[in-house]
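Student: The primary structure of each chain is shown beneath.
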Amino acid sequence: MRLALSLARNLQSKLGASSSAAASTSARAPSIALCSRSYAILSSSAGDRSATSARCNTRGIRRNDNNDESSSIGGDGRRQRQRRQYTTHSQLPSEHQMVYEMCRKFADEELAPNAGGWDKEHAFPTEAVDKLGELGMMGINVSSDHGGSELDALSYAIAMEEISRGCASVGVIMSAHNSLYLYPIDAFGSDDLKERYIAPYAGHDRDESGRLNIGCFGLSEPGNGSDAGAASTTATEDGDEWIINGTKAWITNAHESSAAIVFATTDKSLKHKGISAFVVPMDAPGFSLGAKEDKLGIRASSTSNLIMDNVRIPKSNLIGEPGQGFKIAMQTLDGGRIGVAGQALGIASASIDCAVRYALERNAFGKPISQMQTIQTKISQMTVARDAARLLTWRAAQLKDNGEGYTREAAMAKLAASEAATMCAHQSIQI
Amino acid sequence: MKILVPIKRVIDYAIKIRVDPTKGPQGVQLKNVKMSMNPFCEIAMEEAIRLKEAAVKAKKDAAEVVAVSIGPKQCSETIRTALAMGADRGIHIETKADVRGDYINLQPWGIASLLKGVVEKEDGVDLVLLGKQSIDSDCGQTGPLLAGLLNAPQATFAAKVERDDDGAFTVERETDAGTETIKLNATNLPAIITCDLRLNTPRYPTMPNIMKAKKKPVQTISLEDMVTELGLDIDEVLNPKNEVVEVYEPPPRKEGEMVDSVEELLGKLKEKGLVA
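Protein chains in written order, with this note's numbering: chain C, 202 to 632; chain V, 54 to 329.
Quick caveat, the hints were computed from the structure, so don't treat them as lab data.
Ideal Cβ positions, reconstructed from N, Cα and C, are used throughout, including at glycine.
Incorrect hints may have been included.
Unchecked claim - Taking beta-carbon pairs under 10 Å as the criterion, some of the chain C residues facing chain V (in silico):
| hint | residue |
| --- | --- |
| 1 | Gln298 |
| 2 | Lys306 |
| 3 | Ser345 |
| 4 | Gly348 |
| 5 | Glu351 |
Could you put the whole structure together from the sequences, leaning on the hints where they help?
Tutor: Set out below in structure tokens:
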């Protein structure tokens with residue numbers, strides 16, 4: 202920590218000397234930003250942010266992903282805090298409280314009683330999902346211009362946790378639709394694409410059979426998942442259309458969706474910079490689905506392959522620019538991680554609630570097992586893991602809402618939450 | 054058509070009530086306990102919104118649903134939930150934080166007196182829909198008292214409510230003997246109806262409605278100011294007419310006895326003098 206401080210002071214004095222000579226404030230701002238960034242580099246390597254926080258008087262070092270420094274870093278290096286940070290449910294503003302109450306009630310009354318049955322039958326919970334749409338949860342971050350609920354990432358994380366507490370499959374259906382399908386079109390698509398593929402998919406429109414319009418996200422392939430830059434699905438130009446060829450694997454919501462975001466290589470020579478994103482209507486000729494995977498869990502949601510054989514789509518169905526696909530995918534997945542962390546928190550919470558209920562009722566050796574220390578230890582550990590993961594998730598969500606970089610925090614949240622979920626589920630069974 | 058729905062903020066129905074024996078009549082723990090809208094008030098609110106939607110659909114009338122709540126600062130959250138369900142505006146009569154609504158300070162007589170004032174002040178109220186009772190004090194008196202004070206027709210324990218073309222309300226009510234149907238004439242409005250469990254299932258406030266609720270107006274007025282405005286006597290409203298003597302938890306349920314045959318069961322019942 203001391204090393205970081207002295208190095209930082211060294212840098213500042215060097216920069217300070219040059220900046221004091223500069224007359225204009227604009228020359229000062231970049232040097233202070235550079236200063237902050239060096240603080241960031243030094244502090245993260247030193248592993249302790251408190252020293253630099255004390256000096257910069259900030260609540261965390263802002264990583265400058267864009268050049269818009271003057272708005273958020275004042276002349277004296279102090280960052281203006283944009284929003285209060287919430288850490289517990291009781292601090293939440295009334296709007297988030299209402300989302301929390303509403304989703305919790307819905308999960309308790311409509312999802313929890315049916316979750317077991319859906320898992321057994323491997324059945325898609327159509328009515329529950331339709332109701333979720335009516336509640337505004339299937340277009341939660343979409344602007345009201347397109348029929349969405351216009352809520353922020355924190356509300357989304359809270360909603361995901363409460364819905365997944367009732368049924369994790371419904372949670373993943375909601376997550377895939379909101380984070381993976383709606384977000385890329387909303388963030389990168391043209392107004393025309395938004396009209397055609399967001400407005401009818403924000404949860405209030407129905408198709409001919411009366412079902413909600415759902416979308417899915419096709420990035421993974423049989424040959425690549427983590428290595429997303431090696432997409433073998435191709436898109437070739439042909440006049441005013443694109444022709445898509447290839448197979449996508451492990452696609453959530455595949456069987457219930459009517460539109461898919463598909464990532465295909467438009468220029469193989471550019472490697473991962475040659476991938477583009479498209480919206481593909483799933484009723485296009487040449488589009489077919491693979492068999493539903495028989496999963497061990499999250500069974501009420503369908504997972505299967507998307508098979509595209511010379512599927513033609515209009516030129517306008519390209520999202521963003523050619524070659525922007527990889528960036529779109531990565532940015533989409535960042536936000537998706539917050540939703541998935543929320544889902545894991547819901548699973549952890551449900552496990553804890555179940556374990557506590559059982560421990561209070563089950564008698565052994567003459568008393569409820571909740572009075573035994575081992576059980577108490579397990580429940581404490583489960584609750585701490587869940588609460589810690591929740592704080593990480595809320596941190597990532599609030600960074601996103603503040604317009605700050607959140608990639609690392611979202612990944613940390615997902616990791617912590619998933620581990621908490623599996624630990625809590627396992628311990629719950631032990632109890 | 055104007056419908057007034059008084060709603061009460063009570064301890065959430067799912068919470069286990071804790072009684073502090075050292076606090077005497079005020080022993081029920083209210084601090085840090087989850088509070089929500091009284092379930093019967095939710096049913097009343099749902100019915101009001103349904104009547105409003107039916108009127109708008111039939112293009113008969115413009116309709117307005119007003120939520121009223123008497124209680125501490127946090128009642129504004131309860132009113133917001135009512136607005137998110139579909140009420141048009143809210144009136145919050147704010148009491149001081151130490152005034153207890155669970156039959157200690159505020160009792161049905163005081164509430165009914167205030168509501169009478171609100172109804173007269175609002176002018177043109179066609180219907181007041183209340184829950185049949187609140188789940189904390191379980192009095193079931195506020196509705197009937199209000200009807201008496203207003204000299205208005207009333208129907209309690211409603212299981213079905215319909216508005217007729219002439220503006221009257223036809224109510225099916227549940228009694229121990231069965232169902233009876235009453236017509237509350239339009240010549241004597243406002244009608245007072247209290248709602249029972251089977252009347253409807255309240256809706257979830259949807260996200261778009263929660264957002265809209267933020268913009269709906271809520272008038273907040275302190276209890277003292279309201280009492281002055283209505284020309285009431287503050288003691289009449291706040292001094293309870295009934296005094297709570299004691300509050301205690303029900304004795305824990307004793308374990309039952311397992312018997313092996315019908316004869317043994319009959320024998321035990323005779324022993325206890327329950328069967329001749």
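Student: Determine for every hint whether it applies to the structure shown.
Tutor: So, going through the hints one by one against the coordinates:
Nearest Cβ of chain V to the Cβ of Gln298(C): about 7 Å, under the 10 Å cut. The hint holds. Against a cut-off of 10 Å between C-beta atoms, the interface hint on Lys306(C) holds, since the closest Cβ of chain V lies about 6 Å away. Hint status for Ser345(C) relative to chain V: holds, with the closest Cβ pair at about 7 Å, below 10 Å. Interface restraint check for Gly348(C): the shortest CB-CB distance to chain V comes to about 9 Å, inside 10 Å, so the restraint holds.
About 7 Å separates the beta-carbon of Glu351(C) from the nearest beta-carbon of chain V, less than 10 Å, and the hint is met.
Hint compliance for this structure: every hint is met.
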